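If you're matching them up, the sequences are chains A and B in order.
Its first residue numbered 67, the first sequence is counted upward by one per residue in the working numbering.
Its first residue numbered -1, the second sequence is counted upward by one per residue in the working numbering.
Bear in mind the hints are in silico, worked out from the structure with no lab data behind them.
Any given hint might turn out to be false.
Examples of chain A residues toward chain B, derived with CB under 8 Å [what the hints assert, rightly or not]:
#: 1; residue: Pro78
#: 2; residue: Met135
#: 3; residue: Leu138
#: 4; residue: Asn181
#: 5; residue: Arg189
Owing to the predicted nature of the structure, the values given are computational and were not obtained by experimental measurement.
Beta carbons are placed, not taken as given, at the ideal position from N, Cα and C, and that holds for glycine.
The chain contents come next:
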Amino acid sequence: MIAPVALVIAGPGTNRDQDAALALQLAGANPRIVLATELIANPELLKEARLVVVAGGFSYGDALGAGRMLALDLVVGLGDALTDFVSLGRPLIGICNGFQVLTRTNLLPGALGHNAQGRFDCRWVVLEAQPESRCVWTKGIDQPIHCPIAHGEGRYVHPDPVALAANGQVALRYRSTNPNGSVADIAGVCNEAGNVLGLMPHPENHLLPRQHPQQPRRDGADNLGLRIFRNGVAVANEM
Amino acid sequence: MVSRHRLTIRSNDPDPRTAGIAAAANQLGLRLDRPSDVGIADLIFLEGDLDERSLCTLSGFLVDPLLQCGSWDVPSSVGTEVTFLPGVTDGAAATLLHAASTLGLNVTGAATGRRVEFGESVDAVFANTLVRRIVANPVIERWSVGTIEPTFHADGSGSGIAEVIPISGRSLDELVALGHARKLALDPEELLVIQTHYAGLGREPTDVELETLAQTWSEHCAHKTFRAHITTDDGIERASLIEMLRNCTDAIAAPFVKSAFVGNAGIVGFHGDVTIALKAETHNHPSAVEPFGGANTGVGGVIRDVLGIAHKPIAVTNILCFGPPDTPLDRVPDGALHPLRIREGVIDGVADYGNKIGLPTVAGAIVYDPGYTTNPLVFAGCVGSAKGWTLHDGPFPGDRVILLGGRTGRDGIRGATFSSLTMDATTGEVAGASVQIGDPVVEKLLIDVLVGAEDLFTAITDCGAGGLSSAVGEMAENVGADVELDLVPLKYAGLEPWEVWLSEAQERMVIAVAPNTLEAIQARCDYYGVEMADIGCFTGDGILTVRSGGTPVLELTTEFLHDGRPQRRMSAILPSPNRTTATGRTLVDPVDTLLRLLSHPNIASKASTIHRYDHEIMGSTVVRPLVGQMVDGPADGVVLANPIETVGIAIGIGINPWHGLHDAEAMAYSVVDEAIRNIVAVGADPDQVALLDNFSWGDPRRQSTLGELVVAVDGCCAAAYAYGAPFVSGKDSLNNEYTGSDGKRHSVPPTLVITAIGHVPDADRCVTPDLKTAGNVLLLLGSTKPEFAGSHLDLVHGAPERVGVVPAPDPTALARYRRLHLAILSGVVQSCHDVSEGGLAVALAEMCIGGRLGMKVDTLPSDDLATALFSESASRHLVEIAPDHLSMFLADNSGEVTLLGTVTDDMVLSFPALTPIDVQVLVDAFTGVPA
Chain A
67 MIAPVALVIA GPGTNRDQDA ALALQLAGAN PRIVLATELI ANPELLKEAR LVVVAGGFSY
127 GDALGAGRML ALDLVVGLGD ALTDFVSLGR PLIGICNGFQ VLTRTNLLPG ALGHNAQGRF
187 DCRWVVLEAQ PESRCVWTKG IDQPIHCPIA HGEGRYVHPD PVALAANGQV ALRYRSTNPN
247 GSVADIAGVC NEAGNVLGLM PHPENHLLPR QHPQQPRRDG ADNLGLRIFR NGVAVANEM
Chain B
-1 MVSRHRLTIR SNDPDPRTAG IAAAANQLGL RLDRPSDVGI ADLIFLEGDL DERSLCTLSG
59 FLVDPLLQCG SWDVPSSVGT EVTFLPGVTD GAAATLLHAA STLGLNVTGA ATGRRVEFGE
119 SVDAVFANTL VRRIVANPVI ERWSVGTIEP TFHADGSGSG IAEVIPISGR SLDELVALGH
179 ARKLALDPEE LLVIQTHYAG LGREPTDVEL ETLAQTWSEH CAHKTFRAHI TTDDGIERAS
239 LIEMLRNCTD AIAAPFVKSA FVGNAGIVGF HGDVTIALKA ETHNHPSAVE PFGGANTGVG
299 GVIRDVLGIA HKPIAVTNIL CFGPPDTPLD RVPDGALHPL RIREGVIDGV ADYGNKIGLP
359 TVAGAIVYDP GYTTNPLVFA GCVGSAKGWT LHDGPFPGDR VILLGGRTGR DGIRGATFSS
419 LTMDATTGEV AGASVQIGDP VVEKLLIDVL VGAEDLFTAI TDCGAGGLSS AVGEMAENVG
479 ADVELDLVPL KYAGLEPWEV WLSEAQERMV IAVAPNTLEA IQARCDYYGV EMADIGCFTG
539 DGILTVRSGG TPVLELTTEF LHDGRPQRRM SAILPSPNRT TATGRTLVDP VDTLLRLLSH
599 PNIASKASTI HRYDHEIMGS TVVRPLVGQM VDGPADGVVL ANPIETVGIA IGIGINPWHG
659 LHDAEAMAYS VVDEAIRNIV AVGADPDQVA LLDNFSWGDP RRQSTLGELV VAVDGCCAAA
719 YAYGAPFVSG KDSLNNEYTG SDGKRHSVPP TLVITAIGHV PDADRCVTPD LKTAGNVLLL
779 LGSTKPEFAG SHLDLVHGAP ERVGVVPAPD PTALARYRRL HLAILSGVVQ SCHDVSEGGL
839 AVALAEMCIG GRLGMKVDTL PSDDLATALF SESASRHLVE IAPDHLSMFL ADNSGEVTLL
899 GTVTDDMVLS FPALTPIDVQ VLVDAFTGVP A
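For reference, chain A alone in the conformation it holds in the complex (with noise of 0.2 Å):
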């Protein structure tokens, strides 16, 4: 089978782009990382992708609140570009300034606040997969995941985390301590369709068991984020 084509979206400022290209060639995708700049000249990109990353870091430095640039940007650039992507069902994925990014293109529902205690913070935490969740990202991911968060803007807010739940849209929920304030521990969501996933941590950074912080302690072969891409890229693979 020829690996499915996955963009990986970077503004200025973004810096976790390498990582999630990293993970989606061990997930058996054909990543490429590309600049909003560039896929705004050249929209036609997003046709032949089958999956696309939104990836972390710093776009624009933060300035004027995480992700709102690089989201206008985008919602300005590509027009209905992206949202033709994702109405064609093609999996599409926002990893912490990603998923800021995302929320203010309103592809997904909420926003992400300050962490309550005001300060970055990287750590690792443990994610569940929430069973009920519509999400084809985390669709029978039945260990949990760990990985690790580094941000300073990530603590969830929805009007409604109940509501949210109940329509599938919970993801991801943090099983370790909270480490942000997020509401109802939320830690990633999805669209109504379940193809497009918003989270805070970073399932790219836990490819490999020997990047467990608990090597060689414990194996964390079973809680690796790798798996996350391999669900994408298996749905990439249907399209």
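Assemble the complex: chain A is given as a structure, and chain B must be docked to it using the hints.
This is chain B only, laid out in the frame that chain A set:
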């Protein structure tokens, strides 16, 4: 019609910054009883032709209703508003302009600020104190009660003409007075050489020339002390300090050294065609006056050093020295910031740059001593990697002088000379212009442009201290260059020629580009959105010519610029440390002592800082600064390995100024040992280690201070020879002194930071210090002697009159490290920890904390309890192995091995004849949970 608008944005939920302000106030003894006594809002200022609808569009973009509320009305409440001083870069304002243009709105000016509001319990005077002490920094910001008017367009009135400074015929006193007035920081002999040089030319220097010479010849850039001719009080004339270090590296002749003491960073190659570049820098003075900006740009600068030797940055390190956190406010001298304020700002500054540029901030240390209260030390390091690297051998005549990255402003003027002067109470005010603000996103884009473009340029260097004057000046050495200042992109108009030439505005690189590859570089810059300017060419005539509007404002031979400086002659009085009379210590309550050591700020957990740094990005961090069952135990070295490689590198740090106060030479040897034993403990090969030295010392013109520096270099070289570990790069920061308003000089203690980088042959076989399995046995490798001078035992209990000796070098260490390394590679070592500050007791406690396991110690390495538990004898490791492997391990490791005892699952640490200690009690002491 152009009009001004202001948007006030408030958080719907409690803004976490208010709690931060309240906590900072309380830490400083400024009581703010209720967090609700503080309110904070963000301010957006705009100038442009904006109607109601435009404003609505803008607030739709700037205000997220789920998080915030915004208002275009002027607040009616009482408040203080803070904004940047004119000329200070406001990064968010640039994004505002970009947003407005994306939205199709006509905005001509933008600025940001913040508004602080205090409750009724805070009167106006107290409010002003809080703003000055905690909220704002007068070095970069201004504030006013009520509303503030921002500066949209910083501008000045530049003449564009260089001023001629008459020096001919002036007496030495007059020259020295001129030097003081212009803050040139030049020695009298140097001023005379300059005078003679211009007499020979038959003209007077311009301000551009004088400032250029001052920067190029500054201690910061020229390392006059390290290159000086030194006579010691025993009458011996010595090789310069830099020669000693270089000779040492040459004599070791390690095959893995690719480049040492040349260019911006040292380069080693441990494996295949991959090379590793390493560099560490200090940014002490800037961090003293503007902690955030100083540390921020310190990190940015050292990353550019690695980029400036054509390596891709892969990790950042930082070593920070502060005054004690509990220093009473009234003990902080006039004009200095409180250590807590400095610490918070510095850590935020390091975190901000490293996190945003996307590099893991990994190895580091934080130490506290009253000697750092007014002169904090900020060491920032960077590691880079490259494949198939070769040294660029340009520039060649005809190559273009290409400036990349950020625009040039009035920021950071005279930074190099500022760093070379001692500080006093007025430094904060006069140094305003020396402070730079970083923009990590611009530097990230510079990395993107330059990594992978190595074939498109013939030489590269970063714009650091001295700005263009030092970058172009260094590149033009032996070649010559002709540049036009009018072609340098400016942040705002009105800079004088010398300001353009000297500005240390951040995030700039200079490359030499052959005309036929210019287009390709331009295309890369366009793709990544990086500004590029062609400001002149390299000539081949050996003359540096700088023009403003076509008229030369500087014409110097590069020979005079680089080699015209007279070698400084200095004399040193060598210290005579006690090395013979050891003294012991009496313990009253050893368990209490252990707990006090664990909670001493130098030893206690640094987790709250480590979590503020992204140490996970790139997925390459294999051994982290925090390890163990609860990921809260301290690590020795860190290990980085590309996820798709089996080999890695380990980074270790050695620092111990307290030993340095008693015996600078032995200290130097033992911190080299500490850095090496840290990386051996995690799995690095002791035969493939390279070193970086960073000296932060007081004023070397004081003969005793210079004497300590000389013997410290001796100690470094002796250790490097002993371990076969060459120095590949280094940096010294001298004049770390502060003259208080009482006229007294406060010097930092002799501070040497050693960074060791070692090859890790198998990143899957790394070892951490946390105990792994009950029933395993624990061994101590190395010998333990009564060596207490400068020990942490003395820091917590006070030193006796006769302090005795500091830890002496152990000549058997390397052989032992090699055997330990083989054992680690064979997989029998389950945990390993180095023994350092606080001695054996602290190291054992840390292993228990990391593993959440107990330990029953049956045998101690000395009959004297104080020596056994708390001596800081060098070159020791603790290892945990399974009982099955014991006889084999002992057969391979004869000599200095003590079988201490057994790992237990009862969560108790017990020593012979002492009350057993619950591991949770150790955890609480270490993590700062009040007893």
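Verification of the hints:
Contact between A:Pro78 and chain B, as hinted, is supported at the beta carbon level, the nearest pair being about 6 Å apart and thus within 8 Å. With a cut of 8 Å, the hint placing A:Met135 at the interface with chain B holds, because the nearest CB-to-CB distance is about 5 Å. Annotation: interface hint on A:Leu138 holds; nearest CB of chain B at approximately 5 Å, less than 8 Å. Taken as an interface hint, A:Asn181 checks out: its beta carbon lies about 7 Å from the nearest beta carbon of chain B, inside 8 Å.
At about 5 Å, the closest approach between the beta carbon of A:Arg189 and any beta carbon in chain B falls short of 8 Å, and the interface hint on this residue holds.
Checked against the numbered hints above, the structure breaks none of them.
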